[in-house]
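**Q** Sequence:
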Amino acid sequence: MEHKGLIPNESYEIFIIGDNITNYLHFPHILDHTCGNMYCYDSYTFPTLHFTVWVEDGRIDTICCDQVCYWKNTNLIGMPYSDFLIMCGQKPTKESKEYVLLSKDRGQNQKVYIFDDLSLTIWTWRNKIKTVLMYKNEDEE
Numbered sequence: 288m289e290h291k292g293l294i295p296n297e298s299y300e301i302f303i304i305g306d307n308i309t310n311y312l313h314f315p316h317i318l319d320h321t322c323g324n325m326y327c328y329d330s331y332t333f334p335t336l337h338f339t340v341w342v343e344d345g346r347i348d349t350i351c352c353d354q355v356c357y358w359k360n361t362n363l364i365g366m367p368y369s370d371f372l373i374m375c376g377q378k379p380t381k382e383s384k385e386y387v388l389l390s391k392d393r394g395q396n397q398k399v400y401i402f403d404d405l406s407l408t409i410w411t412w413r414n415k416i417k418t419v420l421m422y423k424n425e426d427e428e
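Throughout the sequence shown, residue numbering follows the working numbering, covering 288 to 428 in sequence.
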């Protein structure tokens with residue numbers, strides 16, 4: 288089956304980065320409002336679509352996939368990171384290691400790779416992709 292999937296710096300499936308979230312609220316969703324030390328944001332999880340959208344000022348800011356994420360008709364979640372590098376033909380702009388809390392007393396040290404040209408952040412554990420974040424590169428606007 289052909290998946291529209293990821294279009295870097297633009298969209299995932301029919302969800303367009305920068306678009307008003309109200310255009311998509313006819314899909315079943317769960318709203319969560321989160322406030323951190325520096326900012327507050329809303330996130331909409333679309334369980335039947337298997338991704339979460341982070342919203343700022345009513346507009347889609349970031350799309351987060353951690354179950355499935357299709358690009359070039361291939362699911363990136365679970366893919367070896369080395370295969371992704373071949374697929375995208377680029378090296379990351381930045382790398383870091385982040386501790387991800389999975390439960391009250393358990394977590395993982397995940398490697399995080401930022402690809403500025405693709406407007407993607409790839410989170411890996413044991414060299415396999417766990418999470419893909421997609422957003423709009425502000426330099427492109």
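In short, the hints are calculated from the structure, not lab data.
Glycine included, each C-beta is placed from N, C-alpha and C at the ideal position.
Heads up, a few of these hints could be off.
Below, in silico cross-link-like pairs of lysine-lysine (DSSO-like), each with a Cα-Cα straight-line distance of 30 Å or less [claimed, not checked]:
| # | residue 1 | residue 2 |
| --- | --- | --- |
| 1 | K417 | K291 |
| 2 | K378 | K417 |
| 3 | K359 | K415 |
| 4 | K423 | K359 |
| 5 | K423 | K398 |
| 6 | K391 | K291 |
Computed beta-carbon distance windows for the label pairs [to be verified]:
| # | residue 1 | residue 2 | range |
| --- | --- | --- | --- |
| 7 | I401 | Q354 | 16 to 24 Å |
| 8 | E297 | D392 | 35 to 43 Å |
| 9 | I401 | C327 | 19 to 27 Å |
**Q** Provide an ascending list of the numbers of those earlier hints which the structure does not satisfy.
**A** 6
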